[in-house]
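> As they're listed, the protein sequences go chains F, W, Z and B. Every position in the first sequence, counted from 1, becomes a number in the numbering used here once 141 is added. Every position in the second sequence, counted from 1, becomes a number in the numbering used here once 141 is added. Every position in the third sequence, counted from 1, becomes a number in the numbering used here once 141 is added. Every position in the fourth sequence, counted from 1, becomes a number in the numbering used here once 141 is added.
You may find that some hints are simply not true.
If chains are identical, the list can't say which one is meant, so a pair holds when it fits in one copy or spans any two.
[As the list claims (entries may be wrong)] Keeping only pairs whose Cα atoms sit at most 20 Å apart, straight-line, the calculated SDA-like set for lysine to any residue is:
| id | residue 1 | residue 2 |
| --- | --- | --- |
| 1 | Lys-417 | Asp-247 |
| 2 | Lys-467 | Asp-236 |
| 3 | Lys-467 | Arg-188 |
| 4 | Lys-207 | Arg-298 |
| 5 | Lys-467 | Arg-268 |
| 6 | Lys-329 | Met-411 |
| 7 | Lys-290 | Glu-312 |
| 8 | Lys-415 | Gly-468 |
| 9 | Lys-329 | Asp-340 |
No lab work stands behind these hints, which were simulated from the structure alone.
Protein chains: 4
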Amino acid sequence: MSYNTFGHMLRVTTFGESHGPAIGCVVDGCPPGIRLTPQDIQFYLDRRRPGQSRFTTQRREPDEVKILSGVFEDDRTEGPLTTGAPICLLIDNVDQRSKDYSDIRDKFRPGHADFTYVAKYGFRDYRGGGRSSARETAARVAAGAVARKIISDVVIRGALVQMGPHRINRENWDWDQVDANPFFTPDKDAVPLFESFLDGIRKNGSSCGAVIEVVASGVPAELGAPIYGKLDQELAAAMMGINAVKGVEIGAGFAAAALSGEENGDEIRMADGKVKFLSNNAGGILGGISSGQDIIVRFAVKPTSSILIPRRTITAQGEDTDISTKGRHDPCVGIRAVPVGEAMMACVLGDHYLRHRGQMG
Amino acid sequence: MSYNTFGHMLRVTTFGESHGPAIGCVVDGCPPGIRLTPQDIQFYLDRRRPGQSRFTTQRREPDEVKILSGVFEDDRTEGPLTTGAPICLLIDNVDQRSKDYSDIRDKFRPGHADFTYVAKYGFRDYRGGGRSSARETAARVAAGAVARKIISDVVIRGALVQMGPHRINRENWDWDQVDANPFFTPDKDAVPLFESFLDGIRKNGSSCGAVIEVVASGVPAELGAPIYGKLDQELAAAMMGINAVKGVEIGAGFAAAALSGEENGDEIRMADGKVKFLSNNAGGILGGISSGQDIIVRFAVKPTSSILIPRRTITAQGEDTDISTKGRHDPCVGIRAVPVGEAMMACVLGDHYLRHRGQMG
Amino acid sequence: MSYNTFGHMLRVTTFGESHGPAIGCVVDGCPPGIRLTPQDIQFYLDRRRPGQSRFTTQRREPDEVKILSGVFEDDRTEGPLTTGAPICLLIDNVDQRSKDYSDIRDKFRPGHADFTYVAKYGFRDYRGGGRSSARETAARVAAGAVARKIISDVVIRGALVQMGPHRINRENWDWDQVDANPFFTPDKDAVPLFESFLDGIRKNGSSCGAVIEVVASGVPAELGAPIYGKLDQELAAAMMGINAVKGVEIGAGFAAAALSGEENGDEIRMADGKVKFLSNNAGGILGGISSGQDIIVRFAVKPTSSILIPRRTITAQGEDTDISTKGRHDPCVGIRAVPVGEAMMACVLGDHYLRHRGQMG
Amino acid sequence: MSYNTFGHMLRVTTFGESHGPAIGCVVDGCPPGIRLTPQDIQFYLDRRRPGQSRFTTQRREPDEVKILSGVFEDDRTEGPLTTGAPICLLIDNVDQRSKDYSDIRDKFRPGHADFTYVAKYGFRDYRGGGRSSARETAARVAAGAVARKIISDVVIRGALVQMGPHRINRENWDWDQVDANPFFTPDKDAVPLFESFLDGIRKNGSSCGAVIEVVASGVPAELGAPIYGKLDQELAAAMMGINAVKGVEIGAGFAAAALSGEENGDEIRMADGKVKFLSNNAGGILGGISSGQDIIVRFAVKPTSSILIPRRTITAQGEDTDISTKGRHDPCVGIRAVPVGEAMMACVLGDHYLRHRGQMG
């Protein structure tokens with residue numbers, strides 16, 4: 142019953158609302174003896190942090206993480222080490238700007254969870270989206286930083302490959318570009334286009350979606366499990382569970398449906414004594430188990446639902462009305478989904494790494 | 142650690158290999174007092190059963206289900222009733238045609254799990270694909286039939302909406318057509334095209350992929366949970382966990398990335414005292430919780446990997462070789478994925494129905 | 142939600158009723174490459190099998206196990222090997238003697254689950270106790286046989302140490318005696334007493350309880366986990382979950398409450414370069430983790446509730462009545478609990494073995 | 142994989158070490174709309190809080206709880222209400238007296254988890270016992286306070302019924318006495334004996350054990366589940382998982398082994414149109430399901446392992462040595478186990494309440 146927990150051997154439980162005192166997570170099952178400092182985690186939180194360019198929300202959150210438990214340091218250890226006990230990571234909410242909520246408290250914002258939360262729970266914490274705020278993803282990023290430590294040989298990188306209708310040119314793909322622009326995009330040539338496109342979106346009070354690709358390199362051919370513990374299945378859940386994600390695909394993904402069997406199945410050859418696949422339509426996963434190739438996941442993020450353009454909706458009392466959502470919102474929430482997607486990949490792989498070791502030794 | 146189990150309150154555990162004595166499942170958590178006969182289950186198994194047209198594998202399996210436990214009948218009950226105890230459903234394997242496996246036992250078929258099973262487990266049951274055979278999905282369909290009984294007000298229907306590169310015309314959508322053609326397609330006009338396309342594929346010894354859409358109608362606005370129990374997340378896992386599936390999307394799915402915020406967010410109005418959404422880009426799920434609209438999931442099935450066209454591969458001993466996979470295979474395994482997708486939808490909704498009732502009363 | 146499943150990495154799901162067609166279990170998570178034959182399992186089932194002496198029920202069940210899945214054999218393996226896939230074990234019910242159930246179907250037998258099943262589920266499968274029959278424990282014994290294979294260095298032995306009010310003399314303890322008498326007792330001198338005591342019980346149409354001790358030797362100092370994965374906690378659950386068990390203790394158990402701190406805490410010394418505890422009040426578990434000493438668990442089994450002596454009860458319709466339970470019942474159901482307790486110990490240790498390996502490598 | 146989580150629909154995850162910045166828990170699955178203030182929780186924490194008499198440790202911890210998430214209040218709610226989101230409860234560690242740990246860091250205290258933590262994890266957080274400190278139980282008590290709110294019709298009370306070798310006279314049982322003495326004992330006449338006994342123990346630098354009884358009244362006949370979700374099984378796990386507990390029994394418990402069938406099985410009669418059991422050897426649970434009678438659990442707590450009396454042990458480097466554990470310790474840790482046992486009972490019942498509602502409606 143994992144309402145707020147995911148993972149099996151590496152379990153992440155998150156808590157906290159947008160405008161409560163803090164958000165955070167408990168990471169359980171981490172092996173002992175791993176060096177873990179707040180800085181290790183902060184690095185990834187900073188990548189996700191809002192307010193770093195004009196293209197993300199202007200909410201100012203330092204997102205400073207505290208490690209409350211699960212690490213130990215004395216004069217014999219070199220720095221703090223995980224102990225095998227649960228690691229609680231806490232991030233205080235700082236910039237809960239006081240605000241007049243009278244509008245959104247009684248109106249259901251289209252595209253948001255307002256209506257369904259009330260339908261399910263009877264009422265909702267409407268301050269900044271409450272539990273459904275994208276702020277919860279900071280806890281995922283923190284957990285992902287721990288997971289990366291467990292699978293330190295694996296390199297996990299994410300990139301924005303489509304903004305609104307504009308796809309990058311994959312031939313320009315350069316991982317080094319990803320952290321050199323405010324969009325986490327690997328195509329340098331796309332940057333000016335994205336800038337002007339997004340500036341236009343912002344000026345119109347509108348928003349746009351995005352497609353994110355996350356790649357894990359260096360995963361050995363063995364992680365995952367058949368049937369209901371499939372690596373792709375759990376990656377699909379992990380990514381689809383990120384706020385605003387509406388689609389997930391592995392490798393060739395939806396395009397595979399249009400391929401013939403001989404186009405799709407990745408042929409194999411030996412090369413220098415090693416197994417070499419001649420293509421990677423499988424996205425690095427066969428039968429739910431990693432093949433040793435890059436694991437490639439893409440997910441689609443819908444446009445931010447909070448927009449200035451007035452929309453038709455109803456009140457909690459069942460009256461027709463309009464709503465225009467003011468406030469500090471990401472015009473393209475997909476941008477900051479890049480580090481979140483990386484973190485989810487790390488958590489899923491870290492979990493499967495431990496699970497594999499358990500069953501197989 | 143759900144290697145072979147899925148669900149939380151309604152838990153399905155499957156077992157069995159393609160060429161062992163039987164396959165089956167245990168459905169745990171079913172409420173008591175539900176009328177359940179083998180015929181209730183057989184109806185759905187028959188829809189998935191191979192050998193019903195020239196477009197599916199010619200393996201002849203009656204797929205006759207036995208209920209081994211969890212139901213009770215005496216002269217006071219009207220037929221067999223579930224008791225609340227685990228329901229074991231068993232399907233004997235009948236047509237395990239004796240065969241020379243010398244070819245595939247030592248060669249890794251491209252696109253199959255042969256390589257990864259050996260990489261992980263050290264060896265594999267190569268007879269008919271062993272555990273990774275699509276035959277395992279019969280157990281899912283059987284479980285889905287039980288799940289449908291739990292949520293009997295919900296109508297779950299699946300349809301093939303793309304075969305290879307050919308998409309149906311959605312304006313022709315007619316649910317009544319789905320069971321009137323061998324492709325489970327709702328577009329009558331697409332049938333001749335699909336027939337000739339698939340005949341060509343078969344003649345070439347090739348295969349093709351497909352896209353399947355599953356729709357659940359009548360789901361109240363309340364199922365699901367935020368964050369890691371999101372209904373869309375669990376549907377994504379359920380569908381991505383079906384053999385050969387490479388992509389999953391909800392509602393507008395990947396297309397949502399190209400929409401603007403005002404195009405995407407489904408506006409709301411009151412109509413006859415009820416909440417009415419003016420579109421359904423969300424696919425019936427907001428914030429992980431059902432909105433009362435139709436729940437719409439699509440998934441992409443890759444082309445069958447077993448094809449006659451010779452492919453480059455290696456042997457288990459690490460030598461380059463070629464393989465041409467003979468035998469009885471579906472040229473488009475996506476066709477028979479339709480009832481499987483329906484069953485997974487039923488299991489996820491049945492599970493969430495019980496979970497919701499637990500938390501909310 | 143483990144109604145009918147236990148374990149985490151080694152998961153056992155059982156199904157079946159006393160008078161249905163079969164009972165069985167699915168063992169999931171077993172490592173691959175372990176030699177497993179039906180005979181390996183049958184050995185333990187035969188120890189639990191009823192009808193082997195006049196001191197157990199005369200129901201004649203061969204309890205013959207079939208392995209339906211999860212093993213593979215060809216001309217390269219030496220016998221059948223586990224594959225890592227779920228292992229379904231099936232045991233047909235053979236001796237469901239046709240019987241007039243008119244008495245027990247409408248009366249709640251004192252000490253039985255009749256009343257609570259109806260209170261919870263609204264009705265019940267009253268044939269032979271249905272799901273609550275001790276017959277379910279055969280499935281546990283079968284699963285335990287698989288678990289023993291995983292931790293093949295560990296020796297697990299159970300013994301009856303008290304029958305009714307009569308305790309054995311622990312100074313007579315001889316493991317070799319356990320299988321040499323119909324009571325699984327290690328005290329040869331207690332056998333005549335137990336015989337005459339139990340014959341008297343049977344003649345009176347009464348029944349008696351027992352205390353069982355299960356010992357695991359050869360467990361390395363590392364299995365288990367602190368807090369909610371404590372080895373003793375999961376052993377307590379495993380043993381308390383056996384039908385008719387009313388108490389569980391580890392090591393000194395309840396007697397520890399009366400000891401002083403200096404009597405209770407097991408002192409430690411080095412001996413031949415190894416850690417040596419000078420006593421074992423802890424029962425081999427400290428802080429939830431095995432210490433390398435023998436793991437010692439005792440559990441109390443209440444007297445069989447089905448007795449000939451008439452008892453006051455009520456009907457399902459809420460009328461006072463009496464009941465005298467005829468049929469084939471164990472006068473001391475604790476006897477056959479010995480192999481069941483061993484099996485539960487094996488399953489818990491096997492699970493923790495895999496879990497430890499997962500977290501620690 | 143519940144290393145630090147327990148429960149199924151009501152899930153409690155705890156974190157924190159004795160001498161870290163804080164301890165706490167996340168309670169997930171709580172229904173929405175329940176009024177929950179810090180004071181509701183503080184009441185129970187204060188009962189468990191150390192330093193309230195000379196008979197418990199003199200560590201001064203205010204144990205002040207903060208609710209970090211999962212509740213919401215505005216001018217329309219009457220006080221803070223649970224929202225259905227995870228509730229994080231945080232308790233700062235205040236009195237981590239700086240101390241010379243040179244002695245215990247390298248010596249394994251007999252009866253403690255020092256040796257096994259190092260055997261498993263390679264090293265340990267030795268400050269105040271780290272994760273294995275009884276301080277962790279404060280988080281359980283906090284969670285239990287939430288659980289009580291869910292099953293507000295159930296009255297859960299605990300009592301100390303044996304201290305060292307001294308049992309109370311059950312005929313003196315008076316629940317009102319429990320909070321009127323420093324031992325949580327219901328037998329007023331036992332208080333002077335316990336006082337002088339425990340004063341003697343303290344003067345000798347020794348410690349003693351205890352037996353605690355927890356009773357839940359008002360539980361309807363329906364909670365629990367057969368086989369592996371048995372209420373008694375989960376209570377056994379919950380109680381055995383409390384630090385220092387070595388035995389658990391339900392109802393007549395171990396004494397049931399010495400009873401005859403006719404003495405043990407609780408007879409039933411109708412009384413005023415209601416079902417009335419004529420005794421309660423079952424402890425309120427039949428077949429794993431509550432019968433409507435009081436649920437009665439007893440557990441044995443071993444003597445505190447930290448004692449002044451020198452004990453033989455070894456160092457982490459494998460040398461024989463002696464240790465005398467100074468510091469602030471409870472001479473009878475069983476006393477403060479009373480509110481902890483109550484909390485565990487509340488959590489298990491709360492969980493089963495939700496689970497029952499899920500399956501049964």
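> Kindly indicate which numbered hints from before are broken by the structure, ordering the numbers from low to high.
Numbers 3, 4, 6, 7 and 8 - these are the hints that the structure violates, sorted from lowest upward.
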